[in-house]
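Number of protein chains: 2
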Amino acid sequence: MVRKPEKIKVIPLGGLNEIGKNMMAFEYMDDIIVVDCGMSFPEDEMLGIDIVIPDITYLIKNKDKVRGIVLTHGHEDHIGALPYVLKKIDVPIYGTKLTLGLVENKLKEHKLSSSVHKEVVKPGNVIKLGEFEVEFIKTSHSIADAVCFAINTPLGTIVHTGDFKIDYTPIDGEPIDLHRLAELGKKGVLLLLADSTNVERQGYTMSEKTVGVTFENIFRNATQRIIVATFASNVHRVQQIVDAAYKFNRKISVSGRSMVNVVNVAMELGYLNVPEDILIDINDIKKYPDNEVVVITTGSQGEPMSALSRMASGEHRKLEIQQGDMVIISATPIPGNEKTVSRVINQLFEKGANVIYEALADVHVSGHACQEELKLMHSLIKPKYFIPVHGEYRHLKQHAKLAENLGMPSDHIFTIENGQCVEIAKESAKICGNVQSGKILVDGLGVGDVGNIVLRDRKHLSEDGLMVVVVTITKENGQVASGPDIISRGFVYVRESEVLMDEARTVVRNALQVCQTNGVREWATLKSAIRDSLKGFLYEKTKRSPMILPIIMEV
Amino acid sequence: MVRKPEKIKVIPLGGLNEIGKNMMAFEYMDDIIVVDCGMSFPEDEMLGIDIVIPDITYLIKNKDKVRGIVLTHGHEDHIGALPYVLKKIDVPIYGTKLTLGLVENKLKEHKLSSSVHKEVVKPGNVIKLGEFEVEFIKTSHSIADAVCFAINTPLGTIVHTGDFKIDYTPIDGEPIDLHRLAELGKKGVLLLLADSTNVERQGYTMSEKTVGVTFENIFRNATQRIIVATFASNVHRVQQIVDAAYKFNRKISVSGRSMVNVVNVAMELGYLNVPEDILIDINDIKKYPDNEVVVITTGSQGEPMSALSRMASGEHRKLEIQQGDMVIISATPIPGNEKTVSRVINQLFEKGANVIYEALADVHVSGHACQEELKLMHSLIKPKYFIPVHGEYRHLKQHAKLAENLGMPSDHIFTIENGQCVEIAKESAKICGNVQSGKILVDGLGVGDVGNIVLRDRKHLSEDGLMVVVVTITKENGQVASGPDIISRGFVYVRESEVLMDEARTVVRNALQVCQTNGVREWATLKSAIRDSLKGFLYEKTKRSPMILPIIMEV
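Protein chains in written order, with the numbering used here: chain A, 12 to 566; chain B, 12 to 566.
Check the hints yourself; a few may be wrong.
Which copy is meant is left open, so a pair is good if it fits within one copy or across any two.
[What the hints assert, rightly or not] Simulated pairs of lysine to any residue, SDA-like, Cα-Cα distance not exceeding 25 Å: (1) K486 <-> V566; (2) K74 <-> P94; (3) K108 <-> Y95; (4) K412 <-> A193; (5) K133 <-> E279; (6) K470 <-> T351; (7) K98 <-> E115; (8) K117 <-> R555; (9) K450 <-> D55; (10) K441 <-> Q334.
The set of hints was computed from the structure by calculation and includes no laboratory data. Bear in mind the structure is a predicted one, so any value in this text is a computation, not a measurement.
For reference, chain A alone in the conformation it holds in the complex:
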């Protein structure tokens, strides 16, 4: 009998050295399970790209081994790539009730709903996926129904925290299951993978409940309309807004597509408790006195198309900001969104609203564990090996240092990157080579068809525009039949630059003349001559380098 190779392969497909697109696979013999399947937002230089998803070539190659995808919670950076991945590999997905409720919405949009096998798992329950046993353990995060996993394997237990914080007073009354985590730690944990997002922050993340206290104070003193923007998925935050509204006798209206979606799913599944008759249609808010209305809306990140942005810019069809409206932005800008959020705040102030944001009051708390919470997690779990996950390199590095400071030997900590695998045996662990991984860009219907060349062209076009030069030449003798015609876009305002354009035509004409005098007839050479002469001329005149597209037509 052949002896089983006693090792587990940890295969990170996303979420390392980046924020978002979290996806981690574990392989043992003929079984693979995947934790989360997230998307990320494009970097600044990924012009025109909608979203970014993980490269799952490894899973496609091994699709017969993949037993399922288990989901920690319903945020986009943990479930957003599912529709794309499920089109490539047909595997069952497992998550808690709210998580799968949100997944369902997403699958419906992609017309995948009926074909995917989904299974709701309650915290405390265990599912068997090949040789893996995955236990769902209650945790706290900025979305309801979040879990972490204890993955039982023949070699030992792996704990994957997912995103978490330690909230002793969560809104749903069910704190993170510290007892179970302690129990697992006592029995012995082979490997811990833990959230690194807030590792640079000292101390503790405050409880979600503290935001409710701030809401109550604000609502108590408000004499006009209240508009609260927050993440649609933060069901507990929404619950606290509802509670404050109820307490101070205000009706609630919901605005913004994703907020409406999530509120509906959360109410349906029992995660959001809304008193009867308190919900009103946004078209009806004028029927109520200003001091009896609360609007819950999206747009806390200043997203240009969101409901709050449209209110701020006066483009919302149903709601116009009026003098004295109290607008609460219950969120903190995600890095990169500072300026768009600031713009919305400015516009709201200019319209006469009284805007309350994080700099002015405690209207937001993070969903991620700070240093002291991470220390508690490490201390309870006492893992043999540790892989920091969910973070840029700076975060992973600091998290590794934190583990070391807690006494873990540095060679038991693996600060790895996407695609870099770790092989774990009972008594040893090592980095064991790479699998294909990376960023797949989604642009419209195209998945992966926009690559570096297209992005480079978009960048060039975005900076200096373009100039198209068309010349027709005769088939017989290669003489210019018509043109050169020049068209530019994004370069200069043509009506004010007619002289420049006339000169440019002359430059091209002269360049072509030289070619003809020298008997040059190869199109490639003619195009080069056009490009080079024009490039030099334009740079000298404008210190700009538009893309130059010479087109030759033979007639």
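For this one, chain A is given, so just place chain B on it according to the hints.
Quick look at chain B alone, frame taken from chain A:
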């Protein structure tokens, strides 16, 4: 005898509802003086733009009245537009020694140095500009030699703080002149204009000296090379790095064009005290042991072409990051730069450097006054009227509120925008209409030639690229002679989309066929037919909308 109209016009040309491009004019009878002349960086949607400067049409129209430009300090957002403005109006400029030293560098680049009248003014001195007397008063900021102004007018005194903080222990030993400000307040101040940048922050900004203490602690324990990145213009910060290097027997090398420039100017003018023999060439750092070297460099904002960014990406020609290098980023990211700074931090960590930044240690303090400092300024000056300056609307609004909370009547506070003038008389003040103002975009050599149409095209091109369609038709009968030829850039990777391009050609051919069948020969109609048919086809196939440029050539 005609009685003088007893009023002063306050004309904001920049710095209101925005960060940067600070410029404020004051007009009394036939005299205009201007405080500062700054640039700002382009917004995200200003694709390809290098810098933004104020619209000074009002000054050009009244150029015979303009007596001079007085400068508070040498930061780009206060002096950066000078070369462009001085090409349009020929006026003398006044500033402290270091400020004019930095201006001189700038004018030389624009070959303006010899033609501009510059006059160095010492803090404590007064210059007469027409009916205005401008007193230079020592203040503290994140650059040496910063001043605020007391502007004496026939109607009373105007105080303009410029950028300031209250530092009781500044590096140069000369704190902000609180005595003079108190004296002015006691005598009576007509109008205060004050910095609003940090108005959202509670408490006090820490003294610059606290950063020196952090440096000493870090330097004391460092065993390898130290690289410190900071703003080139922060001469006091650089002084503290030099002091710490000297104390711990390290040589200093300077890297980055602007850092080299500023260090040279500051040493020459006596603002930077560098012990003899401590400076070494960057080419020579390998000649010294690692624990005897400090490199001072630019790039604390993650600017892609800066020295630190090039070190981080391995593209610096003179310095390669090595395992154990201590890199200190002594700055905080300006809003909008968070992601580029983060990228540099990640790259440095990946190269094995030990990176220290604001989240981890007190390696930076702000140059702007927080709430308690602003209260001190308002309380000392006790102005009759107040205009908050230097800030987005949210900041100006909060600053107005702060003044109100200190007891100022709200109708004595003017929260205005660029171009919106305030007329101040001895016993009254009111908003008095608008002058032309705005953002002039500088792109290469072009000043103001890139407008909304060009930017809109750049945005369109950046998101979906373009498709050029060329057709030649005969002069005689308007029949297609050759084409349609299709060229795309920034749309799809053509080699992988040959089918799509073939189909696109067929779509255009069919559209032209329909036109010919219907006897359509107008070029505008033909172009519309091409554009519309292709647009619909491409959107259906890809959910993208590239710019479509139909070109018709007649042969």
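Against the structure, the hints come out as follows:
1. K486 <-> V566: both (6 Å within a copy, 12 Å between copies)
2. K74 <-> P94: within (16 Å within a copy, 64 Å between copies)
3. K108 <-> Y95: within (22 Å within a copy, 62 Å between copies)
4. K412 <-> A193: within (22 Å within a copy, 51 Å between copies)
5. K133 <-> E279: within (17 Å within a copy, 72 Å between copies)
6. K470 <-> T351: both (21 Å within a copy, 17 Å between copies)
7. K98 <-> E115: Within. Shortest intra-copy distance 15 Å satisfies the 25 Å Cα cut-off; inter-copy 63 Å does not.
8. K117 <-> R555: between (44 Å within a copy, 21 Å between copies)
9. K450 <-> D55: This pair counts as both: shortest intra-copy Cα distance 14 Å, inter-copy 24 Å.
10. K441 <-> Q334: between (63 Å within a copy, 22 Å between copies)
Going down the numbered hints, you'll see the structure goes against none, and every one checks out.
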